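Numbering of the sequence shown is given in numbering that gives the first Met the number 0, commencing with residue 0 and proceeding in unit increments.
It is worth saying that the hints were derived from the structure and are not from the lab.
Just so it is clear, the structure is predicted and the values come from calculations on it, not from any experiment.
A portion of the hints provided could be inaccurate.
[To be verified] Here are the simulated distance ranges between beta carbons:
1. H23 with A65: 34 to 44 angstroms
2. I114 with S30: 31 to 41 angstroms
3. A8 with K122: 41 to 51 angstroms
4. S59 with G24: 15 to 25 angstroms
Ideal Cβ placement from N, Cα and C applies to all residues, glycine included.
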Amino acid sequence: MPFFIVAGAVNAAIAVMLGAFGAHGLKDKLSERYLEIWETAVQYQMFHALGLLAIGILASSSIWGASPQLNWAGYLLLAGIIIFSGSLYALSLSGVGVLGAITPIGGVLFIAGWILLIIAAVKG
């Protein structure tokens, strides 16, 4: 599905930009702890951007074709990026610890998305 290819490519580009911003723009502004949290957010955003690209490719008619499981997997990975990485970016910049409590929700969305990809593969 082109949507997931575009979403994956956009998120990969954003991850590269935010990674560079963290390494160069935030290096002297954040503590080592918050820089590590920022890097974790960037890494998970990139990993799951690649997952979105894979889902978009797999959903093409020449491979598996679109399926409800693939669609849900893609939407869950996208929501996971927003909640998981987004909460870590916000935590790094604000220092508001309660934002860390939101992060596991994104992690659960990631896991659910990967499980749906497994189900799509088994059915496909």
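How the hints compare with the structure:
1. Checked against the given bound of 34 to 44 angstroms, the beta carbons of H23 and A65, roughly 40 angstroms apart, stay inside it.
2. The beta-carbon spacing between I114 and S30, approximately 35 angstroms, falls within the hinted interval of 31 to 41 angstroms.
3. The beta-carbon spacing between A8 and K122, approximately 26 angstroms, falls outside the hinted interval of 41 to 51 angstroms.
4. Between S59 and G24 the CB atoms are about 38 angstroms apart, so this pair departs from the stated range of 15 to 25 angstroms.
Going through the hint list in order, the structure does not satisfy hints 3, 4.
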